[in-house]
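J.: Quick mapping for you: the protein sequence lines, in order, are chains Y and U.
Take the first sequence: its letter number 169 is residue 169 in our numbering, and every next letter is one higher.
Take the second sequence: its letter number 122 is residue 122 in our numbering, and every next letter is one higher.
Hints listed in this document are in silico derivations from the structure and should not be mistaken for laboratory results.
Please note that a few of the clues may not be correct.
Stated by the list, open to error - Chain U stretches covered by chain Y per the calculated footprint, using a threshold of three residues with CB under 8 Å from any CB of chain Y:
{"#": "1", "region": "20–32"}
{"#": "2", "region": "37–44"}
{"#": "3", "region": "48–60"}
{"#": "4", "region": "105–118"}
{"#": "5", "region": "132–141"}
{"#": "6", "region": "148–158"}
Said to hold, decoys possible - Going by beta-carbon spacing under 10 Å, a handful of chain U positions derived as facing chain Y:
{"#": "7", "residue": "66"}
{"#": "8", "residue": "83"}
{"#": "9", "residue": "87"}
{"#": "10", "residue": "98"}
{"#": "11", "residue": "162"}
Quick reminder that beta carbons are idealized off the backbone N, C-alpha and C, glycines included.
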Amino acid sequence: MSDSTCRSESSNGAVFDEQDRAIVLATQSGLPLVSDPWGAVGAQVDMSAEEVRRRMQRMQETGVIRRIAAVPNHYRLGYVANGMTVWDIEDDEIDRMGREVARHPGVSHCYRRPRHLPEWPYNLFAMLHGRSREEVERQADELAALLGHACRDHQILYSSRILKKTGLRLAVDSPGRT
Amino acid sequence: MPLSDKSRGTGAAVELDALDRRILNRLQDGLPIVEAPFAVVAQELEIEEQMLLERLNDLRESGVLSRFGPMYHAERLGGGLTLAAMSIPEIYFNAVAEEVNAFAEVAHNYRREHRLNMWFVLATETPERIGDVIAAIEAATGYPVYNMPKQEEFHVRLHLPV
Numbered sequence: 001m002s003d004s005t006c007r008s009e010s011s012n013g014a015v016f017d018e019q020d021r022a023i024v025l026a027t028q029s030g031l032p033l034v035s036d037p038w039g040a041v042g043a044q045v046d047m048s049a050e051e052v053r054r055r056m057q058r059m060q061e062t063g064v065i066r067r068i069a070a071v072p073n074h075y076r077l078g079y080v081a082n083g084m085t086v087w088d089i090e091d092d093e094i095d096r097m098g099r100e101v102a103r104h105p106g107v108s109h110c111y112r113r114p115r116h117l118p119e120w121p122y123n124l125f126a127m128l129h130g131r132s133r134e135e136v137e138r139q140a141d142e143l144a145a146l147l148g149h150a151c152r153d154h155q156i157l158y159s160s161r162i163l164k165k166t167g168l169r170l171a172v173d174s175p176g177r178t
Numbered sequence: 001m002p003l004s005d006k007s008r009g010t011g012a013a014v015e016l017d018a019l020d021r022r023i024l025n026r027l028q029d030g031l032p033i034v035e036a037p038f039a040v041v042a043q044e045l046e047i048e049e050q051m052l053l054e055r056l057n058d059l060r061e062s063g064v065l066s067r068f069g070p071m072y073h074a075e076r077l078g079g080g081l082t083l084a085a086m087s088i089p090e091i092y093f094n095a096v097a098e099e100v101n102a103f104a105e106v107a108h109n110y111r112r113e114h115r116l117n118m119w120f121v122l123a124t125e126t127p128e129r130i131g132d133v134i135a136a137i138e139a140a141t142g143y144p145v146y147n148m149p150k151q152e153e154f155h156v157r158l159h160l161p162v
């Protein structure tokens with residue numbers, strides 16, 4: 001199976017072609033902040049504004065684009081405490097509990113991930129953002145109360161240094177790229 | 001250890017006026033993919049489109065916005081994505097961080113306060129490449145890598161009320 005064939009369909013079967021790929025590459029670092037952003041992108045990828053808009057709409061419908069949005073810098077907004085909370089949840093409770101945790105307004109990302117016993121017993125990850133560690137801890141307490149006996153243990157891992165942040169450069173192949 | 005401005009490359013919290021806040025709160029929820037999207041949002045906010053664009057440009061230039069644009073779903077584009085962690089002895093931490101960061105597939109890398117003290121996101125062109133890169137990092141550093149790919153996504157929606 002070649003890379004290009006495996007990548008030409010997204011998980012729900014929608015076709016993702018070379019033109020879509022060109023749009024992704026042109027917009028992955030941002031959308032032009034102009035009145036007609038689709039036309040500005042189109043000028044870069046040699047498509048009409050209409051074509052760019054239609055394709056981006058379809059990518060959003062198929063989930064390739066989660067949404068087109070403003071991504072704030074946490075720190076600049078005063079959200080200086082960013083805690084990765086990790087939870088050891090009973091396996092047969094995790095689907096229900098994951099959905100509960102995800103509903104909490106302070107949680108930005110929530111995933112089930114594998115344990116690595118004995119070193120790492122935690123299978124549910126939820127990112128919390130606060131203006132102080134106290135605020136993050138308060139939110140974590142709320143989650144702990146929500147989870148009750150389904151949760152055996154939890155921790156908050158604060159980031160203390162960014163070692164690298166290049167941003168996600170998406171894995172979009174182009175012909176001739178090795 | 002306090003975060004220095006330099007290490008996170010972000011700067012201090014800034015003062016935002018009421019309009020900046022309304023714009024940020026509205027546009028964290030998403031831009032509609034319609035013919036004149038900023039005009040539509042400006043109308044909702046009861047301001048001129050030109051004012052909205054100017055404010056957004058300023059917010060981006062001052063670093064309040066790290067970006068404005070489509071958030072792509074890496075796996076649906078055919079790529080591989082995972083979270084991985086390592087436990088590195090303090091005296092070797094900086095040296096190992098350099099070795100890990102040298103891999104182009106390492107997108108973000110954070111030091112965290114835990115025995116597992118290095119946490120990074122790997123993004124690869126194909127899902128199959130994740131295992132190769134993890135093996136290469138283990139070989140380069142001599143430390144095990146704990147691979148923690150997501151098994152289920154319950155929520156991804158960053159919204160910071162301002």
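J.: Where does the structure disagree with the numbered hints, that is, which hint numbers, in rising order?
T.: 5
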